[in-house]
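Chain order of the listed sequences is A and B. Numbers in the working numbering are just positions in the first sequence, counted from 1, shifted up by 4. Numbers in the working numbering are just positions in the second sequence, counted from 1, shifted up by 3.
The hints are simulated quantities; they were obtained by calculation from the structure and are not laboratory data. One or more of the hints may lead you astray.
Beta-carbon label-pair distances, calculated as ranges [stated by the list, open to error]:
| hint | chain 1 | residue 1 | chain 2 | residue 2 | range |
| --- | --- | --- | --- | --- | --- |
| 1 | B | E44 | A | A262 | 33 to 43 angstroms |
| 2 | A | P196 | B | Y66 | 33 to 43 angstroms |
| 3 | A | L248 | B | D193 | 47 to 57 angstroms |
| 4 | B | N282 | A | V274 | 35 to 45 angstroms |
Glycine included, C-beta positions come from ideal geometry on N, C-alpha and C.
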Amino acid sequence: MEQRPRSFYYLAAFFCLFLLFLYGPTLTIGILSFQGKGGGLTFPMRGVSLNWFRELFEQQAVGDIWGSFRRSLALGLMVMVSTVVVSVMAGLAFRKKFAGSTVLFYLAITSLVIPSILVSLGVGLIFNQLGLKVHWTSSGFGSQLTWTLPFGLLIIFAVFNRFDKSYEEAARDQGATSWQTIRHVILPIIAPSLIGVALFGFTLSYDEFARTLLTAGSYNTLPLEIFGMTTNVTTPVIYALGTLTTLFSLAIIGVFLAVVWIVGKRRSRVGSDAGKAV
Amino acid sequence: MGKSRDIIAYLQAAPLMAVLLAFLVVPIGMIVVVSFWGATEFSIYPAFQFDNYAFLFGSPVTYKVFFATFKYAFITWIFTLSIGFTVAYFLAFHVRTQAMQTALFLLCTIPFLTSNIIRMISWIPFLGRNGIANQTLISWGLIDEPLEWLLYSDFSVILAFVHLYTLFMVVPIFNTMMRIDKSLIEAAYDNGATGLQTLWHVIVPLTKPGIMIGTIFVVTLVMGDFITVRFMSGSQKANVGRLISNDIALLQYPSAAATAVVLLCTVLIVIGVLLRFVNIRKEL
């Protein structure tokens, strides 16, 4: 193998520092969440205990953490399913270059880059003027979609830009209807990327804050609950919660990656499924 | 054939259209309308007056806060761009196997999928008065007493922005770099270009679209932020987002809406300028 240039080692060191910068703080609060009973928000550790995790599980110590966790979970799943379905459908539409597609595309980009507080404020105002109550399943759900759909759409675009159209043409030549082509040719080919879209849909929703702030109503989602805690909780219990929710996110990412890996593995083992379709 | 194809396309695009209309277009229209309304201490009432804008543009605070917003965006942009470009360059050109590339790229992406608020909170043990940074500097003998400006300052705000948003630079730049034809780089070397010359005259120009997309992300995220500034400055610093959220907290919706309209116009102008340099759809 060719000798590595000296710049490689500098860049590798820089990259390691970058990873340390990314992960260091999170690891620190991971350690500090095991702080002893008398310990504070910074080092030194005054012993090691599970005290702060225990406090999390005692309902009265802090707010409605478990309720907000359940709501965030449910909302995340709702957003995930909608993001996959809506962005795949829109992705299919965009391949046909219909009139108005450019406007819709830039609208989606606007949705992504618009300051989140505008979505929060605007949706809040609309519901207010219509005399509707803001709720995480209605206004909160819609506001989060304005954040997750553009991401889903961008991923789908990237997928279709690399999509080999001859597969579809082959299907059509053999007499497949357009629905059969989508169902038996396009969807199976793009399936691994859809898992990626689902992962984005779920995690972006699960951690969303700014667009849910004025639109979740009286029942908080988990990020809102955590933010509320930052103003009045001054013990490592907030680190314990941070550690748990980060671990949960990591577990979700792990599950998705495992699914992608298994799907890829099965594909390479089974090989072509030509002739097995209807 | 053509007609039915069009109808199918519209049906497929309809859900996206519906969501964007209901939760983006109409709400923004509402903000524009309400920005002309009036407010008492307890309620808002329909009107068509320019009071909110007159107040906004008449107040020196507005200009200071907009300046601070641009300052945060610019400094964050410089740092995220230089760090993001270096990281993407390393991943794209120095990591040799694709498996390693994917693994390291994932390592960079994972924090993006965890909670921003937790990632902000996690700086406290580092930057606090008795935090790791101060303790280390004291033990090295570099300073005698703790630095006060590490936490709850412009420094911590920008540090958090860079921490949260560098990824938005890494991903598009890496994506563009991966599509650079490697033979162009070999050609540069064969013609006697040094590493730096190749970087500056071949790689950087070809990476421009990725840089532009990353820039759009970072600049708009920072300009629209209200929570990072509030949390990391301990409510001591302000940007436009905080101005809006403070008005909302006081139920002064018309005034919040006017500020929001001005912020939106500012952001759209910035993006409009940046978009002149790149065609997003071609770059995905």
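Consistency of the hints with the structure:
| no. | hint | in the structure |
| --- | --- | --- |
| 1 | B/E44 x A/A262: 33 to 43 angstroms | violated (56 angstroms) |
| 2 | A/P196 x B/Y66: 33 to 43 angstroms | violated (50 angstroms) |
| 3 | A/L248 x B/D193: 47 to 57 angstroms | holds (55 angstroms) |
| 4 | B/N282 x A/V274: 35 to 45 angstroms | holds (39 angstroms) |
Comparing the model with each numbered hint stated earlier shows that hints 1, 2 do not hold.
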